[in-house]
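Let the hints inform the model, and build the full structure from the sequences given.
Per the working numbering, the sequence shown starts with residue -19, numbered consecutively.
Derived from the structure by calculation, the hints contain no laboratory data. Every clue listed holds true.
Distance ranges between label pairs, derived from CB positions:
#1 R11 to W38: 32 to 38 Å
#2 E89 to V18: 28 to 34 Å
#3 G101 to L79: 15 to 21 Å
#4 R14 to C40: 28 to 34 Å
#5 T104 to K61: 40 to 46 Å
With a straight-line Cα cutoff of 20 Å, these simulated EDC-like cross-link-like pairs (lysine to aspartate or glutamate) come out:
#6 K46 to D0
#7 K61 to E37
#8 K9 to E103
#9 K9 to E114
#10 K9 to E111
#11 K9 to E96
#12 K46 to E(-9)
These figures come from a predicted structure and were not determined experimentally. The C-beta atom is built at its ideal place from N, Cα and C for all residues, glycine as well.
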Amino acid sequence: MILKRELTHTEVAYLAGILDGEGCISILKMRMKRPYGVYWHYALQLRIGNTYLPLLEWICERVGGKIYAQTYVTNWRGNRKQAYHWHMQGRQAANFLALVRPYLIVKSEQADLAMEFIALGRETAPAARAEMRERMRTLNVRGIGYSTASGPASVE
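Structural data, given as structure tokens:
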């Protein structure tokens, strides 16, 4: 991975913590139009959302990626802070995941699946990519989910 500057172990662990808590690892399915037809393209994407822009700029300065401002359709109460999203895709995202993977806890399964997805390389494998996308969507379900609600969690 081409870093904009060398990172300390603490910075790498901090980046992993931010991704674990505020981020999302996903496999996108995009409809692509080309002169020879229309097809589906799958791509790995990392996102971190936050209202504190200097944090996302700090990440961008160290590992790259892009920052986008979140636009709200309506803010009828007028009480929303401006939110921002840091994005990284493709091979660069895979390299970033390889860097932070040893420190991930919450999103370790998603990171492993993303690395499996990237390992397909340039191989077409549309069925495998679609299946991996569905597995990632299942891992990223918010809330209780459909089949995982078995009762209260216990901590030992």
